[in-house]
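K.L.:
Each chain is listed here by its residues.
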Amino acid sequence: MPSPGDLKYTKEHEWVRVESDPSASSEQAIGTVGITDYAQDQLGDIVFVDLPAAGAGVSHMQKFGEIESVKAVSELFSPVTGEVVEANAALANSPELVNDSPYGEGWMLRVRLSDSGEIDKLLSAEEYDDFIAQGAE
Amino acid sequence: MALNEAAAGTLLRTALYDEHKRLGGRMVPFAGYEMPVQYAGIVEEHNAVRQRAGMFDVSHMGRFEIRGQDAGRFLRYISTWDVTRLTAGEGHYSASCREDGGILDDIYVFCLEPERYLVVVNASNAPKLKGWMQEHIGRWDARLIDRHASTAMIAVQGPEALGRLEGVIGDEFVRSLRPRRCGETEWRRQTLFASRTGYTGEDGLELVIEAEAGPELWRTLLDVGVQPAGLGSRDTLRLEAALLLYGNDIDEETNPWEVGLDWVVTRDDGADFIGRNALVGLKERGPSRELVYLKAAGRGIMRSHCDIFREAESVGTITSGGYSPTLGVSIGMGFVAPELAPEGTELKVDVRGKPLAARVVPRPFYKRPKRA
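Chains A and B supply the protein sequences, listed in that same order. Going by numbering that gives the first Met the number 0, the first residue of the first sequence is number 0, and it counts up by one from there. Going by numbering that gives the first Met the number 0, the first residue of the second sequence is number 0, and it counts up by one from there.
Simulated from the structure, these hints should not be mistaken for lab results. Treat the hints with care, as some may be off.
[Claimed, not checked] Some chain B residues close to chain A (C-beta under 8 Å, calculated; not the full set): (1) I41; (2) V42; (3) R146; (4) G299; (5) Y322.
[Unchecked claim] Just a sample of chain B residues kept apart from chain A, beta carbon distances all over 12 Å, derived: (6) E18; (7) V36; (8) S123; (9) D306.
Even glycine gets a Cβ: it sits at the ideal position worked out from N, Cα and C.
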């Protein structure tokens, strides 16, 4: 199945969906971050997701958290730089949402972007799908 | 994130390889074989075995037939448990030790007939054990027949396993097998070996059949509703059942006393076996470390190689750890000094820099409910 076209992707298998900030006081965009369907499938049953709290800073392609599946632990890398507005609290008790709905209810962070230009460095859905097809690492 | 699906090099395939591929099994290298780690998902397969019936391809495990007048005496010499106590149709867990008492492998010995035994060994140790047996068998009127490549082995496990098997290999035969018993029957004109054993904490049988009949047996079991399960759930199931894994919890630097295997060392029969003198001496001195069973109190998952702490002091290492689908928390095993081994001892496990509270608990973590 092709990856959703409205998202941008990393080679570490995270995605970001960029929207304008609904709070009119800010001109900064908000990005929602999660992991891809391919990633959740490779990881298998997810049992814990360790995310930063609201207010924490995240940086482009820097580690922001960890995800534990029955099989293994993996680090999570942020597609974007900015401040965490919200972490998905539902994942604390229902980490399996990442398996069930990686692009929906299984989202991880909402980040107020400090550099919207970074988005251009990320992969399009087509580029990401090509990357996977070539045997992603 | 880094997703490591190791590439397959020159790996062996079991007789059931095509079945795994057809079922969408995710193949990984394991002990020199290309084996399925999962089909539908580790937790789903784990639950299928705990609640219904699942089956594992365990053809990668070593199988050696020992035949001859001295077969039992030879096996007694390389086994810590007195296998000469077995009568035809009985099996027992044992260990093979070096002269210094270090465990070469944990093994299962079945007596098929007074002069014919089947020895099942870990996949990772099969070449080593074969060499070890060949090195010592010359003194005895016995010979070794390697049945590794010529047979397939399937473990069918779960509360419904025996019921499903009755319809496939015969209800009388299945009912004749009491726990740890074994026997042979005919299935579609092939000799089929079965034993009431397993590695999951559930009831069930382990089956051995000629390799060419393996796929047909596998598909027949599939047709009666036995769910295929991979190495991933095999590991979570055995961990909950507190069963040891060679290479993790035991190795050549481990002796049976340290890991609670006293019950597989027979010293009172006066018979000589490799490692006997060293094991007697080690028993007198008492173990310097003990394997304990740890249950986490919080979030986070202990995995092998994590350090175990008491206050700020490092006191040991996790040998096996993971998430228990049945208990919903992390569980593990690890070595600590004997004074920290009593049940209830509060310890901490370092999970990548974060302390995870864990308590020493009795084994097993999971015990199957008694069923009427």
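K.L.:
Work down the list of hints and note, for each, if the structure agrees.
P.N.:
Outcome of the hint check:
1. With a least beta-carbon distance of about 5 Å to chain A, the hint placing I41(B) at the interface is held under the 8 Å criterion.
2. The restraint placing V42(B) at the interface with chain A holds, with a minimum CB-CB distance near 4 Å, inside the 8 Å limit.
3. For R146(B), the suggested interface contact is broken, since its CB lies about 31 Å from the closest CB of chain A, more than 8 Å.
4. Of the supplied interface hints, the one on G299(B) holds, with its beta-carbon coming within about 7 Å of a beta-carbon of chain A, less than 8 Å.
5. Among the interface hints, the one on Y322(B) holds; its C-beta lies about 5 Å from the nearest C-beta in chain A, closer than the 8 Å criterion.
6. At the 12 Å boundary, the C-beta of E18(B) stays outside the reach of chain A, the nearest C-beta of that chain being 21 Å off.
7. For V36(B), the shortest C-beta to C-beta distance to chain A comes to about 7 Å, within the 12 Å cut-off, and the non-interface label is violated.
8. With a least beta-carbon separation of about 19 Å from chain A, S123(B) lies farther than 12 Å from that chain, consistent with its non-interface assignment.
9. D306(B), annotated as away from the interface, keeps every beta carbon of chain A farther than 12 Å; the closest lies near 16 Å.
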